[in-house]
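Chemist: Starting from the known structure of chain D, arrange chain X on it as the hints suggest.
2 protein chains.
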Amino acid sequence: MPRQERALRTRALLLRSAAECIKEHGYDGASTTEVLRRAGLTRGALYFHFASKEALADAIVEYQIPLLQPVTADCPLQAAIDLTLSYARRLQTDVILQAAVRLATEETSYEPGTRPYLWSQETVGALLQQASRQGELLPHTDPEELAILVVGAFTGIQLLSQLSTGRVDLLHRICVLWRAMLPGIAAPGLLLRLRADEKRAEELEQSAAHASRVLHDVG
Amino acid sequence: MPRQERALRTRALLLRSAAECIKEHGYDGASTTEVLRRAGLTRGALYFHFASKEALADAIVEYQIPLLQPVTADCPLQAAIDLTLSYARRLQTDVILQAAVRLATEETSYEPGTRPYLWSQETVGALLQQASRQGELLPHTDPEELAILVVGAFTGIQLLSQLSTGRVDLLHRICVLWRAMLPGIAAPGLLLRLRADEKRAEELEQSAAHASRVLHDVG
Chain D
274 MPRQERALRT RALLLRSAAE CIKEHGYDGA STTEVLRRAG LTRGALYFHF
324 ASKEALADAI VEYQIPLLQP VTADCPLQAA IDLTLSYARR LQTDVILQAA
374 VRLATEETSY EPGTRPYLWS QETVGALLQQ ASRQGELLPH TDPEELAILV
424 VGAFTGIQLL SQLSTGRVDL LHRICVLWRA MLPGIAAPGL LLRLRADEKR
474 AEELEQSAAH ASRVLHDVG
Chain X
274 MPRQERALRT RALLLRSAAE CIKEHGYDGA STTEVLRRAG LTRGALYFHF
324 ASKEALADAI VEYQIPLLQP VTADCPLQAA IDLTLSYARR LQTDVILQAA
374 VRLATEETSY EPGTRPYLWS QETVGALLQQ ASRQGELLPH TDPEELAILV
424 VGAFTGIQLL SQLSTGRVDL LHRICVLWRA MLPGIAAPGL LLRLRADEKR
474 AEELEQSAAH ASRVLHDVG
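If you read the protein sequences in the order shown, they are chains D and X. Quick note on numbering: the first sequence equals residues 274 to 492 in the working numbering. Quick note on numbering: the second sequence equals residues 274 to 492 in the working numbering.
Only chain D is shown next, with the shape it has when bound in the complex:
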């Protein structure tokens, strides 16, 4: 295996092992000794990639940035819904994302503060602003306030879904949120065309997998 590829694999392995430890024990309960034991690596390998346990946590928190990138869309309100559905679906199985969420919700000696939430708020906010400009939102709505609401509500809904069902019903709960909110924020003409159902989340996942295969074939 070429040297660079091996380094990337080692880094990914460290990230995954650290995420498992943090998901189980929280930041303060996770030790680099256990991370290395799980990864089957030496301390030298750790410090080659990450200067400290804090740097590992930073990498875990920042792992979600690509998932929260602004997208352009014909229907930005649907794109905002889709973003929450895709994130929820991924959160059900992706241990690094699960650890990132635990790092963001708990107060520990590691303090990401509002940083991870601001990424979501900015992306959702930009989509809702675009939606507002295109007449997709009711006139009285405030896109910024709605973005803060969506991110806050999502955060708590996923927390309770995790406690109650290990996030099995997370997608359903996020759909309930949108279905309750949409009549109060979306233009009536658009309402029947918007989709906030679990099947939509599945379709999004399939088309993302398809796009990644296409990219792989091209590259």
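Be careful, since some hints might not be right.
One copy or any two copies: either way a pair holds, since identical chains are not told apart in the list.
[Claimed, not checked] List of simulated lysine to aspartate or glutamate pairs, EDC-like, C-alpha gap at most 20 Å:
(1) 296 x 380
(2) 296 x 307
(3) 472 x 418
(4) 472 x 355
(5) 326 x 395
(6) 296 x 327
(7) 326 x 307
In short, the hints are calculated from the structure, not lab data.
Modeler: Below, chain X alone, put in the same frame as chain D:
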């Protein structure tokens, strides 16, 4: 001071000191030594009232039960809104409630699980079921699902409000939630009569203070 009154004051002091420690350091970071130092009490006083640190945490979590009692109301949907407004207002300043919320949201060696959330869900759920029977909700709505949504959304919204503003804008954010949701769940005829604004929260607090003065005068 009569013996029983002194015992009650000691218990309240222990509860408050423990809440301060847990609010600051979380359950695992809080020590009974610091609780006693803050309270200016001996370990004997602690064990007279609470068998363990876990028992203290139980008392803090259960402190919110009276705030989540079912109420009867002419307009149960407004009563559900009022419950969240009163709880939010109290959460801004009540350190025991703040500690209870931290205990419920963080994974530590103390595990209240979903218990605190079920109290809220049951009370909000009962109000919304009553609202549904009285025709206050739109026909397609599911009171149980809505209760789960309200409790989940509240949980995350308060977490982000705490991180962003130390809960200063919590009431505003809860009003934004209701104003986004009500058109999608409430019967149109009721919509204009429902109140979800910060002034309502103030009025509720004043009338609760008045009621407690009346009870005191009678008693």
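Chemist: It remains to establish, for every hint, whether it holds in the given structure.
Modeler: Results of checking the hints against the structure:
| no. | hint | result |
| --- | --- | --- |
| 1 | 296 x 380 | both (14 Å within a copy, 10 Å between copies) |
| 2 | 296 x 307 | within (13 Å within a copy, 29 Å between copies) |
| 3 | 472 x 418 | between (28 Å within a copy, 19 Å between copies) |
| 4 | 472 x 355 | within (11 Å within a copy, 35 Å between copies) |
| 5 | 326 x 395 | neither (28 Å within a copy, 41 Å between copies) |
| 6 | 296 x 327 | within (15 Å within a copy, 23 Å between copies) |
| 7 | 326 x 307 | within (12 Å within a copy, 28 Å between copies) |
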